[in-house]
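The numbering of the sequence shown is UniProt numbering, which starts it at 1 and goes up by one.
If you are wondering where the hints come from, they were derived from the structure by calculation, not from laboratory data. There may be inaccurate statements among the hints.
Said to hold, decoys possible - Here are the computed distance ranges between Cβ atoms for each label pair:
no., residue 1, residue 2, range
1, Glu470, Met268, 24 to 30 Å
2, Leu311, Glu76, 43 to 49 Å
3, Asp602, Met265, 34 to 40 Å
4, Ile168, Ala105, 39 to 45 Å
5, Gly97, Ile452, 31 to 37 Å
Backbone N, C-alpha and C fix where the C-beta goes; we use that ideal spot for every residue, glycine too.
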Amino acid sequence: MRFPHYKQPDQMDCGPTCLRMVAKHFGRNIKLQTLRQLCEINREGVSLLGISDAAEKVGFRSLGAKLNLSELKEAELPCILHWRQNHFVVLYKIKNGHYFIADPAAGLIKLTEPEFANNWLSDTEKSEGIALLLSPTPHFYQEGDEQGTEVKWGFLLRYLIAYRQLVIQLLFGLGIGTLLQLAAPFLTQSVVDIGINTRNLNFIYIVIIAQAMLIIGRVSVEFIRSWILLHISTRINISILTDFLIKLMKLPISFFDTKMTGDIMQRMNDQRRIESFLTGSTLSTLFSLFNLVVFSVVLAYYNPLIFFVYLISSTLYIGWILAFLKRRRQLNYKSFEIASKNQSSIVQLVNGMQEIKLNNSEQQKRWEWEHLQARLFKFNVKNLALNQYQQGGSTFINESTNLLITFLSAKAVIDGQFTLGAMMAVQYIIGQLNSPIQQFLGFIQGFQDAKISLERLNEIHQMGDEEPVEKEFNHALPEDRTLSLNDVSFSYPGAGNEPVLQDINLVIPQGKTTAIVGMSGSGKTTIIKLLLRFYLPQKGELNVGGQLLNHIGFKIWRSQCGVVMQDGFIFSDSIERNIAVGDDYPDATKLQHAIKVANIQDLISSLPLGLKTKIGAEGNGISQGQRQRLLIARAVYKNPHYLFFDEATNALDANNERVIMDNMKAFFKGRTVVIVAHRLSTVSHADNIIFLHKGRIVEQGTHAQLTALKGEYYNLVKNQLELGN
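Assemble the whole structure, with the sequences as input and the hints as a guide.
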């Protein structure tokens with residue numbers, strides 16, 4: 001039985017996908033999203049520990065081990081291997097010196113022992129590699145299959161149904177085009193058999209005019225069909241992408257913390273692949289298959305023997321092409337390592353040229369590059385040989401078929417079974433039959449690509465919204481706006497991660513300024529992210545006044561929060577629109593107030609276009625300090641009740657920081673402010689200072705109280721404030 005294979009939808013999904021394949025091998029369907037959550041996947045992917053924990057939760061016994069090749073041959077298969085130091089694959093069979101792996105990125109691959117060892121062994125001195133051995137327990141078989149693992153093509157039908165009238169017109173046009181083509185071989189036969197044999201030039205004129213009209217008709221139908229196809233494909237493309245963006249913007253912020261930008265962009269590109277499949281290859285293949293059936297019937301009508309020869313040769317042609325797909329996939333897989341090393345080598349040569357020359361290692365580095373080129377040449381030779389075999393065989397089959405059909409047609413003419421015109425008509429029909437076969441092979445590949453793309457899109461559409469429609473949220477904040485964290489603990493996704501926050505009990509009084517300080521990694525930013533609802537705490541609860549923060553609508557909550565994060569984003573837009581994000585028509589009074597508080601008048605007045613100056617990736621470059629002042633202006637413009645500042649002034653010079661902090665004092669009045677900072681000049685005037693150490697609150701109080709205590713806070717600040725010993 002063929003080992004089940006699933007493609008990984010995202011770059012970091014190799015671990016959960018491997019576990020999904022092993023589970024399917026033992027008879028269970030488990031959704032990839034379930035395994036992602038159990039593996040605690042994050043932006044860096046998953047660890048072997050994460051896969052092991054997930055495997056045990058779904059009913060496997062697991063054992064992570066370092067094995068050599070001899071020990072691996074004795075191990076129970078399938079097992080999951082750590083591959084190329086940055087990937088996971090499934091080893092499902094070892095036979096006759098070959099290793100059969102299921103790679104979620106590349107497919108089912110067969111490797112020789114040297115090729116396998118080169119990719120798997122992580123410790124070359126001890127010749128060992130890392131493997132996760134799995135075996136199902138009775139609990140594994142007690143659990144049922146999860147629904148929703150299959151691709152739902154019905155998701156796409158609603159896009160086509162919206163344009164059903166145009167689709168019907170397209171199909172009608174395809175039918176008309178086929179009928180017009182169908183007349184061509186009969187007209188060709190009549191020219192030869194009637195026009196030429198009877199020397200009737202007038203008849204030939206009529207037939208030629210008829211053929212010309214048929215050509216005009218076919219071109220006109222094709223012209224109309226192309227316009228209709230463009231209209232449908234553009235509308236479907238926009239609809240799919242718009243629906244995807246709507247769904248994407250409803251997902252929780254935590255989703256974007258665990259996804260690579262490239263993975264999200266790939267999903268946006270997937271809609272084009274699906275649209276192309278729906279409106280391009282599918283309709284073209286339908287047209288080609290319709291032609292294939294019609295012209296096959298006509299060919300069988302002319303001569304059953306010739307039709308039988310064509311049928312056999314087409315089967316041989318398809319079989320020959322498909323026979324090389326597996327070998328081609330293996331070659332492509334083997335080329336990955338060489339190509340990636342070659343790319344890395346060139347980048348290192350260029351970027352590291354200064355160090356190469358300083359260390360007199362020019363010859364060594366050049367020889368390393370030349371060795372890679374030799375390996376690449378050997379691979380290219382193998383690839384060329386494969387292409388030649390495939391091309392040579394397919395050409396031989398096609399040309400042999402044409403010669404045999406020409407011979408049979410000529411013999412039929414000599415034997416009196418065919419007229420010369422019929423022979424020419426048969427040649428025309430054979431020409432029309434060759435194209436559909438090639439299009440059908442392309443359609444199979446397009447179908448596979450579209451299926452993978454649809455899986456990616458379906459996965460996003462099946463995720464829960466940040467604000468589910470069926471859940472009731474409060475759409476107003478309570479009068480008491482004091483924030484409180486009660487016994488809150490939190491760990492970031494990833495197996496084995498230590499808790500970032502442990503049993504935090506904290507009150508942030510309404511209308512007061514609370515500062516959070518501590519060493520890097522103590523959990524300061526995490527508290528802000530929890531208050532902004534990036535994540536849910538694993539334990540404990542967050543309250544606003546007397547109600548749970550989770551009961552308040554996300555949009556209502558964020559409308560009352562002004563935020564300056566360390567990695568705040570500047571859009572490629574004007575300064576004005578970067579400050580007034582979310583307002584189509586910025587309020588001039590609020591804008592000027594925000595500019596004044598953030599002290600960026602000097603930047604704006606120095607630019608020719610002032611507030612209309614475009615900044616960001618496509619505009620003027622700005623310094624880190626100017627960027628932070630813009631982010632502060634954005635938070636001030638929003639005029640919120642809550643302000644969350646995460647190292648908001650760490651890139652500012654002392655003069656700018658002093659001016660801004662003086663301006664902010666008036667703005668802070670009546671607002672609840674949370675400041676995370678290392679600079680003590682930023683936090684020394686706070687109403688309450690929280691000192692975090694390894695996720696726990698160890699001290700809190702005013703600046704004067706904490707310095708008098710001479711504890712952790714005092715040790716942190718004494719150098720900055722020159723407090724002495």
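Structure-based check of each hint:
1. Glu470 to Met268: 24 to 30 Å: Because 28 Å falls inside the window, the suggested range holds.
2. Leu311 to Glu76: 43 to 49 Å: 47 Å, holds
3. Asp602 to Met265: 34 to 40 Å: Given about 37 Å between the Cβ atoms, the range holds.
4. Ile168 to Ala105: 39 to 45 Å: 41 Å, holds
5. Gly97 to Ile452: 31 to 37 Å: 32 Å Cβ-Cβ, so the 31 to 37 Å window holds.
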